[in-house]
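Novice: If you're matching them up, the sequences are chains A and B in order.
Heads up, the first sequence is in our numbering, so the first residue is 1 and it goes up one at a time.
Heads up, the second sequence is in our numbering, so the first residue is 1 and it goes up one at a time.
Since the hints were derived computationally from the structure, they do not count as laboratory data.
Fair warning: there could be bad hints in the mix.
To be verified - Here are the simulated BS3-like cross-link-like pairs (lysine-lysine), alpha carbons at most 30 Å apart as the crow flies: (1) A:Lys-401 x B:Lys-346; (2) B:Lys-346 x B:Lys-438; (3) B:Lys-378 x B:Lys-346; (4) A:Lys-401 x B:Lys-283.
Unchecked claim - Covered, in the sense of this in silico footprint (three residues per stretch, anywhere, with C-beta under 8 Å from a C-beta of chain A), are these stretches of chain B: (5) 20–27; (6) 156–162; (7) 356–363.
Stated by the list, open to error - Restraint ranges, calculated between C-beta atoms of paired labels, are given here: (8) A:Tyr-435 x B:Pro-440: 57 to 65 Å; (9) A:Arg-203 x B:Ala-392: 52 to 60 Å; (10) A:Lys-64 x B:Ala-64: 47 to 55 Å; (11) A:Asp-445 x B:His-137: 53 to 61 Å; (12) A:Arg-203 x B:Glu-404: 32 to 40 Å; (13) B:Ala-36 x A:Arg-60: 30 to 38 Å.
Note that CB positions come from ideal geometry on N, CA and C, so glycine has one too.
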Amino acid sequence: MATPTNIIEELVNREYRYGFVTLVEEEVFPPGLNEDIIRRISARKNEPGWLLEWRLRAYRYWAKLVEEGAEPRWANVTYPPIDYQAIRYYAAPKRRPKSLDEVDPEIRRTYERLGIPLEEQERLAGVAVDAVFDSVSVATTFRQKLAELGIIFCSFSEAVQEHPELVRKWLGSVVPYTDNFFAALNSAVFSDGSFVYVPKGVRCPMELSTYFRINASQTGQFERTLIIADEGAYVSYLEGCTAPMRDENQLHAAVVELIALDNATIKYSTVQNWYPGDREGRGGIYNFVTKRGKCLGRNSKISWTQVEVGSAITWKYPSCILIGDNSVGEFYSVAVTNHHQQADTGTKMIHIGKNTRSTIISKGISAGHGQNTYRGMVKIMKGATRARNYSQCDSLLLGDKCGAHTFPYIEVHEPTAQLEHEATTSKISEEQLFYCRQRGLSAEDAVSMIVNGFCKEVLRELPMEFAVEAQKLLGISLEGSIG
Amino acid sequence: MKDMGLDQRPEQALYRTHFAQWNERIGAREPVWLRARREAAFARFEAVGFPTTRQEEWRFTNIAPVLRVPFQLAAAWPECSLPDEWLAPYREWAAHHLVFVNGHFVGEIPADGPAWGALARGIRALLGEEPEIVEPHLARGAEDASNAFTALNAAFLTDGAFVRIPRGTIVETPIHLLFLTLDAGTPVVTHPRNVILAEENSQATIIESYVGLGDGQYFTNAVTEIWAGENAIVQHYKVQRESRAAFHIASVRIAEERTAIVLDFSIALGAALARTDIMAILKGEGAECALNGFYWARDQQLVDHHTVIEHVAPYGMSREFYKGILDDEARGVFDGTIVVRPGAQKTDARQVNKNLLLSTNALVNTNPRLQILADDVKCSHGATIGHLDEDALFYCRTRGLDAETAREMLTYAFASDLLNTIAFGPLRRSVGEWVLTKWPEGGMLKELL
């Protein structure tokens, strides 16, 4: 009979399934970062002057931070200093397709192996995909169909060419380049990403999704996503990511900006499965991401859902700035750390408008030597009358070498606001396991059921296609790692 | 970054002058070991420097106002007798009082009743007569290297209470350490230090009061160390009623051996700026601690509590309950950390912080933190911030209470459920009265209660 211990070993030692490398001819820039590199990136993308200027301003700001030694160190993670001059800031497949049919067959196969076919007819109906391979977007599906409704869904580079007025208006309006160290770096060197604009009153009929893949070695990925939901619009956006297994650490520093105008709703879901490093903690992606949404309009709503199972280090705080009256912010998160993974993740909810509401549900699971930190901030400004926040942060510990930490910051300037914050840390109790076992469940099923139950509040927020994948991922990362 | 030379920090220069003055005043009258420890502490202070709001621990409390005042080291109280009205509020207490004026021990008022077997004396006096008793316990390893104020307190170690409850002794009478600071015209700084040793199987209740006489500006920089031996039970209350212009910065350090139980209750009502750091280390298996706190700030008061409970050994239990009321432009800060070290299995820790905001200009910062490095634990924290329940207010109005009284009554009720847990009756009643005086004109509630 399989004992719990066996099951853990078997499951915990399971290989990272997406760790292969695609052999494709790529154009890569030499490692290093200076103004020339930025000019080259900008020139390669044929960008207008204002954008290059903006990049250079960001670069100078970032260079100043580097000089001042202002790289953030406050997160509860440890890693050796990153050599920013050893990273290649641009890598792109040489063959640039003009249409979906021309996508390099190697790349097409890569996405097939990842379970993301780029053929529109094969794709689950109802999901449009933007596939980002290293620094560039290689394909975007269902564009025609979406365009009929006036929805713009394309790569960031194309948006710069085709809708410069929208990009210029909103770029950096939520995350200015001065926001933080990694946002400044991203603003200087971002290469591609997705752009979504949903016009007034349109409900986007399908899930939009971006699939990020890092392939080339020694590169960093710096994408930028900008989503604008105009008045009364609705959009649900999904993001997935994987990378090959390598002994080196690769940097992923993305920026995501969401803007919701009056009565608009944006739902942003992430299943993050970057390569987490091996059992000894070698290699893996450093995932240092700035994600923020602005509920600008009245009754607007931004909802973040994330399932974080990959990356050697996660440093990520999807946030909502609730400016419009009655606006709503939500944050649902499951973060799993196994082996030597470290996660410092959480959210910020800034209440500015009246009657604004926010909900935070965070579930952290630690196994192996994993260190899992929830770090969040709820700030209620003066004048945000009747603002309401509910936060719940639960941690589950599987094993005696891992750690779970909770650092919520709460700041309230408004007497009519109401806040509740709760956090618990516990392990799967012997009694729960015993109960499940005596009802005839195997140890593995029992643990899996308990873990899934623990995460349920978050998983049910995911769109159906993702929920299934997320549940499977949780299984791979954890099941049975008890004993 | 630019090198910050010592001379660019003029606020430290003042304390350097104090240190020279103090060394001169004390001269050769102190034991060599104490001089060495004080000098080491001052060097530590110089190395660390005063904290700024850029430091996580001090993010919400700017101590610039404290550093702006040219405080003088408080001189010893010259009189031998104490005016009666100073002690009047505590006459009713059946307690053993040790009275300190401006940080110096001036006398004691023993409790009636049977002999009690505890040692409770002023540190300065003990240093003169029996230095070997205090030597192992003064300004020793328990110092936190990164806390400038603790270092400063050790450097100026002058006086305070030394309390030792011998093994197996149960002291029924509470020991009251009363620190009075006078309004003498010039602002003074005092550095009281208390050492409380509860040996194996002993029990005692200690009350520390910090009281300002008058409205003067002064600075109290206090440190209290509590050592609870195996099975010891200690109740420690700290009641802070400093003057409205005073600054109060205090550290309470608690170390617990096997199955010891410590209750620490911090009540903060006074001072313009009050910061209390409480750190409890549960070193022995099965140790328990309860940290309670109540703060009420109005006008432009700032009350800051930082607590750390560190579970080092298995089977520990901790309970923490802090409640605060903030009115006018007051600021309340609560930062509570629970650390569970690897191996501290079966730890059971709970923390709750509840805040009542009564005004649009008041502000609360609450940061409950958990750092868990063992797996078989039960830890939780909860924090709430809110205003008075409108339904409850409405109910009071329908019963014929005017709005103001209704509000006072509900505010008082918010405070009472915690304050009513004070076991020592006379203290409970006194605290209840002092809470009422937080209302201007004494509050309407007084007549009703």
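Novice: Each hint should be assessed against the structure and marked as holding or not.
Specialist: Status of the hints after comparison with the structure:
| no. | hint | in the structure |
| --- | --- | --- |
| 1 | A:Lys-401 x B:Lys-346 | holds, 15 Å |
| 2 | B:Lys-346 x B:Lys-438 | violated, 42 Å |
| 3 | B:Lys-378 x B:Lys-346 | holds, 7 Å |
| 4 | A:Lys-401 x B:Lys-283 | holds, 20 Å |
| 5 | 20–27 | violated (count 0) |
| 6 | 156–162 | violated (count 0) |
| 7 | 356–363 | holds (count 7) |
| 8 | A:Tyr-435 x B:Pro-440: 57 to 65 Å | holds, 58 Å |
| 9 | A:Arg-203 x B:Ala-392: 52 to 60 Å | violated, 43 Å |
| 10 | A:Lys-64 x B:Ala-64: 47 to 55 Å | violated, 27 Å |
| 11 | A:Asp-445 x B:His-137: 53 to 61 Å | holds, 57 Å |
| 12 | A:Arg-203 x B:Glu-404: 32 to 40 Å | violated, 51 Å |
| 13 | B:Ala-36 x A:Arg-60: 30 to 38 Å | violated, 52 Å |
Violated hints, in rising order: 2, 5, 6, 9, 10, 12 and 13; the structure is consistent with all others.
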